[in-house]
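Going line by line, the protein sequences match chains A and B.
Be aware that the first sequence starts at 1, since it is given in this note's numbering, and climbs by one per residue.
Be aware that the second sequence starts at 1, since it is given in this note's numbering, and climbs by one per residue.
What the hints contain is simulated information worked out from the structure, not anything from laboratory work.
Treat the hints with care, since some could be wrong.
As the list claims (entries may be wrong) - Derived lysine-lysine pairs resembling DSS-like cross-links, with alpha carbons at most 25 angstroms apart:
(1) A/Lys42 with B/Lys14
(2) B/Lys57 with A/Lys2
(3) B/Lys11 with A/Lys42
Quantities reported herein were computed from a predicted structural model and do not represent experimental measurements.
Residue-level listing of the chains:
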Amino acid sequence: QKEVEQDPGPLSVPEGAIVSLNCTYSNSAFQYFMWYRQYSRKGPELLMYTYSSGNKEDGRFTAQVDKSSKYISLFIRDSQPSDSATYLCAMSAPVSARQLTFGSGTQLTVLP
Amino acid sequence: DTGVSQDPRHKITKRGQNVTFRCDPISEHNRLYWYRQTLGQGPEFLTYFQNEAQLEKSRLLSDRFSAERPKGSFSTLEIQRTEQGDSAMYLCASSLPIDRAPYNEQFFGPGTRLTVL
Chain A
1 QKEVEQDPGP LSVPEGAIVS LNCTYSNSAF QYFMWYRQYS RKGPELLMYT YSSGNKEDGR
61 FTAQVDKSSK YISLFIRDSQ PSDSATYLCA MSAPVSARQL TFGSGTQLTV LP
Chain B
1 DTGVSQDPRH KITKRGQNVT FRCDPISEHN RLYWYRQTLG QGPEFLTYFQ NEAQLEKSRL
61 LSDRFSAERP KGSFSTLEIQ RTEQGDSAMY LCASSLPIDR APYNEQFFGP GTRLTVL
């Protein structure tokens, strides 16, 4: 079993929809959580990072962490066709604070 | 552009050949990471440098793989005697010192896509 599981998708939504992307994890040592966006054949781009349980908002993006359930989410409001990409969750433990452990990614398409 | 840069962007080689990739991190970033990503999967950690010291290596990094960061700036990843299973995207990432980036946020380059025929 992988340490980080991510809904594989693909996910297709109409423009303007609210998108919910999710990951679960099994390693309770994970303390830092990130979301990356990756366009086709490009490197991952850091979107958001957070530490504690709760919500963090940045523009149209909201990251949510529930450590008790080992569950994290990324919400995208008013989705745009330019949001079409693969979204990767990533996490790390503070002891190592080195490697990130990634989910397998969710491919999102926002239809105009 | 002051982001992480990688060279080459694409590499096609025949099985058994050696290949070398280069990564130039963001200036001031003393931490540097190599990851490998195959189609439909997230990046997998390979190795980590703090300045010039290689502090961590994944068991994915077989004896055919070697990485260096001789002066604490750019890094190279070499694969000897390439195999078809080495075909993947090789990603480099960098981050600030831990006291300035406590969340371990890492910034990735565009990757080098390796195809082994």
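Now for the hints, and whether the structure bears them out:
1. The suggested pairing of lysine 42 of chain A with lysine 14 of chain B holds, with an alpha-carbon distance near 24 angstroms, which does not exceed 25 angstroms.
2. A C-alpha spacing of about 19 angstroms is found between lysine 57 of chain B and lysine 2 of chain A, which places the hinted pair at or below 25 angstroms, so the restraint holds.
3. Pair hint lysine 11 of chain B plus lysine 42 of chain A holds up; C-alpha atoms about 15 angstroms apart against a cutoff of 25 angstroms.
When each numbered hint is compared with the structure, no violation occurs for any of them.
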